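Participant: Sequence:
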Amino acid sequence: MVKPLFQDADPTNEVLLRLGELSASVQHLLSDFGDEKIAARDNRAAVHRRLDEQARELSALKTELTLSRQVVEDLARTQGETVLPAVADWRDIKATGLRLVGVLAIGGVSLGATLAWFSDQAVALLRHWLKIT
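The working numbering puts the sequence shown at residues 10 to 142.
Just so you know, the hints here were simulated from the structure itself, not pulled from any lab data.
What you are looking at is a predicted structure, and each value in this text was computed from that prediction instead of being measured.
Take the hints with a grain of salt, since some may be wrong.
Think about it this way: if two alpha-carbon atoms lie no more than 25 Å apart in a straight line, the pair counts; the simulated DMTMM-like pairs of lysine to aspartate or glutamate are [stated by the list, open to error]:
{"hint": "1", "residue 1": "Lys71", "residue 2": "Asp61"}
{"hint": "2", "residue 1": "Lys71", "residue 2": "Glu82"}
{"hint": "3", "residue 1": "Lys46", "residue 2": "Asp61"}
{"hint": "4", "residue 1": "Lys140", "residue 2": "Asp129"}
Could you build the full structure based on these sequences and the hints that come with them?
Facilitator: Okay, structure coming up:
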């Protein structure tokens, strides 16, 4: 026959035993909470590291954007000062060339028509002079 564990035990010993179990449970809980605190601290540190890294990357991006903006402004200024006047001059030269070609074409057509008319008149004059019908 098996006797219950604390049937004949002294109540003082039973209280001390229960206090010991409670103390062990509290120690176990403290250990668990300590582990949780350490994990939470590590997680917060990781989050702060990531935030710091993001802040550094954002700062570098802002710096790069500022430098790129300055480069674009310099290119726009250079284009306004050098390229656009050269393009305007080139367009003027091209327009002048097209006008000259137009004048020469009209002159050539006019000269050709005039020579054709004179040749017809010369042939008529020569036939009249040579009395060729």
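Participant: Now look at each hint and say whether the structure bears it out.
Facilitator: Right, here's what the structure says about each hint:
| no. | hint | result |
| --- | --- | --- |
| 1 | Lys71 - Asp61 | 15 Å, holds |
| 2 | Lys71 - Glu82 | 16 Å, holds |
| 3 | Lys46 - Asp61 | 22 Å, holds |
| 4 | Lys140 - Asp129 | 16 Å, holds |
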